[in-house]
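Heads up: the protein sequence lines correspond to chains A and B, in order.
Residue numbering for the first sequence follows the numbering used here, beginning at 1 and increasing consecutively.
Residue numbering for the second sequence follows the numbering used here, beginning at 1 and increasing consecutively.
Just to be clear, a hint being listed does not mean it is correct.
Under the rule of at most 20 Å between Cα atoms (straight-line distance), these lysine to aspartate or glutamate pairs were calculated in the DMTMM-like manner [what the hints assert, rightly or not]:
| # | chain 1 | residue 1 | chain 2 | residue 2 |
| --- | --- | --- | --- | --- |
| 1 | B | Lys122 | B | Asp236 |
| 2 | B | Lys153 | B | Glu118 |
| 3 | B | Lys24 | A | Asp170 |
| 4 | B | Lys370 | B | Asp320 |
| 5 | B | Lys64 | B | Asp528 |
| 6 | B | Lys122 | B | Glu185 |
| 7 | A | Lys85 | B | Glu137 |
| 8 | B | Lys153 | B | Asp197 |
| 9 | A | Lys85 | B | Glu185 |
| 10 | B | Lys122 | A | Asp170 |
| 11 | B | Lys475 | B | Asp197 |
| 12 | A | Lys85 | B | Asp197 |
| 13 | B | Lys510 | B | Asp236 |
| 14 | B | Lys356 | B | Glu492 |
To be clear, the hints were calculated from the coordinates, so they are not data collected in a lab.
This structure is a prediction, so every number in the text was calculated from the model and none was measured.
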Amino acid sequence: MIRFLLNRLFLIVPTFIGITILAFAFVRVLPGDPVLLIAGERGVSPERYQMLLEQFGYNRPIWEQYWSYLSGIFQGDFGTSVSTKRPVIRDFLTLFPATLELSFFAISFAILLGIPAGVVAAVKRGSWYDQTLMGTALVGYSMPIFWLGLLLIIFFSGMLGWTPVSGRIDMLYYFPATTGFMTIDALLSGQDGAFVSAMRHLILPTVTLGTIPLAVIARQTRSAMLEVLGDDYVRTARAKGLAPHQVIGVHALRNALIPVVTTIGLQVGVMMAGAILTETIFSWPGIGKWMIDAISRRDYPVVQAGLLLIALIVMAVNLIVDVLYGLINPRIRHT
Amino acid sequence: MKLMKTLLAATAVLALAAGAAQAKTLVYCSEGSPEGFDPAPYTSGTTFDASSRPIYNRLVQFTKGSSDTEPGLAESYDVSEDGLEYTFHLRQGVKFHSSDTFTPTRDFNADDVLFSFERQWKSDHPWNAYTAGISWEYFNSMSMGELLSSIEKVDDYTVKFTLTRPEAPFIANMAMDFASIMSAEYAAQLEAAGTMDLLNQAPIGTGPFEFVNYQQDAAIRYSSFDDYWGGVQPLDDLVFAITTDPAVRMQKLQAGECHVMPYPNPADLDSIRADSSLQLMEQEGLNVGYLAYNTTMAPFDNVNVRKALNMAVDKQAIVDAVFEGNATAAINPIPPTIWSYNTSIVDDEYNPEAAKAMLAEAGVENLSMKVWAMPVSRPYNPDARRMAELIQADYAAIGVTAEIVSMEWGEYLSQSLLPDRDGAVLLGWTGDNGDPDNFLAVLLGCDAVGSANRAQWCNEEFDALIQKAKITSDKAERTALYEEAQVVFKREAPWLTIAHSVVFMPMSTKVTGYVMDPKGTHAFDGVDLAE
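Just chain A, with the same shape it has in the complex:
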């Protein structure tokens, strides 16, 4: 197990370097002179142009820029935002809890609904239930997030008035951000109704962000279950006279979960992309919206650092999934 872990950790190094190069290069191959773009219609005098160029370091050779960028990262310096003039890492840390909270609810929603739905569909294979469920999953999987989010807002908030339109909590409530997680902060504040308001604000974004993972997880669970249900040991368990729920819940599901866990891990990467759209629609102050704003402001240090930090998170999640995988399935850690 230790060797397995070390192996995985070692693999992170080249991946990390690859990502830094990608993030660095990505911003630099974008067309347009960043200084001129910042100046806009107003234009910029040659002296001021030179000054800005030096300030951003764009006048130095490319490898030197990369080196100072890389050494900055190792010192925890991810650069300074061109627009807010604040260190990028500080903005990231302020906003990340909002994304984490939303992602947590969305992935929980996807898992809690997706796995049971997949199991039932597998057990009742071919029934109308199975077909409806898989059909719905396909629709859910193919739905553009932006469109789904707006549709939910227009229907549930606009027409029915059941849910709030956007934001994390009603503007009536105001308390300091202790943890950055609105639901926890609302509880800590002790203000009447704050927690309920925070939860109500979570409903639509959760559904919007969780729909695609939900569909993927349901489909994956179904096919993994179908495969396992046909295996010999399941037949043996049934022959022993075990209750159906024990056969399915204990013997089949545990083994079917192995590929599902991988899928869930992969969905975290997908969710980061989904968060960008979901947060933009719901005015959710997380890193997804932050990245979009940075791109439209052409705030390259933020885009560059944001890409890297998101990639690091996806890498970390994949590492955790690998470890979990080893725990669930002994065959993996011995090979």
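Fit chain B to the given chain A structure using the hints.
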């Protein structure tokens, strides 16, 4: 006991509801996050709405709803005979805000004025680079550094600005956001504590609203400042709920989650008009969209050719198709909301037949030219590609072949400046300080050839008028000069003036006293909320 508890809870809820009804809180669904709360380093309207408008004041201020200026923190000012010395007489008894960490010990005085400008002007000032990567964008782009010769404190309530050359728009500059007056006392406290960047995060000003808190990318809270020199505000609290997507802002407004929103989707305007709980204000924006010929290149150096091309274009069709009707066809290079706008000028009529004849008369046959279309959307031109296509079709009707060219935005801006540029360029301008000079000199003056004057147009008569207006401090005299300059402009036709876009502000019918600002900022002093 249980009944007692229920009763208590019910009373608490009632008390809360009553409290909420008494505190008047206006929620504004703003379109984006402010970059900071010190307005001087920034240029975006979103940042000014959240910083300079609620929190700060300036020595002179724009009259609500107009581009005129009126006294602000200075009760009055005198201009010397030669137009070089501006002496400001400061208002007495003006209080600064206080916060958890700062309690002002004195009123606003000349030291605050000196601090506010010197930090932007002098590179050796301790506050010149108080956070990483800071630069004083507007101070520099309005050439304040070269314009200022000295700033002197005559006494606690008198400050004298000496200029290096007479420049009448200086007063309008002093009303701009970068000229907001900061507290020197607060700055000194922050400097001593080694927390200088708080100036940009926990602002202290003299304005109508005190800053309470900013939750990044989510909400900004302000409360009415009880000691505001301009009087107590009808509102108790002001909240900016940051909502980037216009469709979502609209839903929030309709659901009652906010009271005012800027920048609606043009497609939503009809449903806003149809909603009885909403009202829709509108005004021409402080902008102009134009097509600039290269007046130094044949045949566009011939005024009759330019005139003919102007007459070939159906502007109303552009307003309808590109702006979806939300614009007015432009006659002059300045928008009608700016003072000195010449209402007596008649636009070149749309007349393809006459245009064709004029071209033939000028000896121009089978003309083929380039029309540059910007790759980005701007208020003065939401879809340049579409606009270029309409112009192309109009030109075809008079036998002119137009090729549409476009390139990446940064490249577009720099290539279009070049004197030997081939073709006419679609571009526009959004004004900074509401002064006509900010359009006419910046975009059409001889000094601006090779920079923002993309028509490369240097007309002696026009330039003499605007240069004279620039050094004349009497406003009536300036107005006459600018009116005449617009006549010369229209006669010489260096541009096809296309449109001034219309800005819309949807808001709840409960909101009263809101005045739209022609400069496009959003301010909530004087605004009230009906029960």
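So, going through the hints one by one against the coordinates:
Our distance criterion of 20 Å between C-alpha atoms is broken by B/Lys122 and B/Asp236, whose separation comes to about 39 Å. Between B/Lys153 and B/Glu118, the direct Cα distance comes to roughly 12 Å. Compliance with the 20 Å bound is thereby established for this hinted pair. As the CA atoms of B/Lys24 and A/Asp170 are separated by approximately 15 Å, the hinted pair is consistent with the 20 Å bound. As the CA atoms of B/Lys370 and B/Asp320 are separated by approximately 24 Å, the hinted pair breaks the 20 Å bound.
Taken as a hint, the B/Lys64 and B/Asp528 pair is honoured in the structure, with Cα atoms around 15 Å apart against an allowance of 20 Å. Our distance criterion of 20 Å between C-alpha atoms is met by B/Lys122 and B/Glu185, whose separation comes to about 19 Å. A distance of roughly 13 Å separates the Cα atoms of A/Lys85 and B/Glu137; the hinted pair therefore holds under the 20 Å criterion. The suggested pairing of B/Lys153 with B/Asp197 is violated, with an alpha-carbon distance near 26 Å, which exceeds 20 Å.
Of the pairs offered as hints, the one joining A/Lys85 and B/Glu185 is violated, with about 23 Å between alpha carbons and a cut-off of 20 Å exceeded. Taking the CA atoms of B/Lys122 and A/Asp170, the gap is near 45 Å; set against the 20 Å cutoff, the hint is violated. For the hint pairing B/Lys475 with B/Asp197, the CA-to-CA distance comes to about 40 Å; that exceeds 20 Å, so the pair is violated. For the hint linking A/Lys85 to B/Asp197, the alpha-carbon distance of about 10 Å falls within 20 Å, and the restraint holds.
For the hint linking B/Lys510 to B/Asp236, the alpha-carbon distance of about 15 Å falls within 20 Å, and the restraint holds. Under the criterion of a C-alpha separation no larger than 20 Å, the hint pairing B/Lys356 with B/Glu492 is consistent with the structure, at around 18 Å.
Violated hints for the displayed structure, listed by number in ascending order: 1, 4, 8, 9, 10 and 11.
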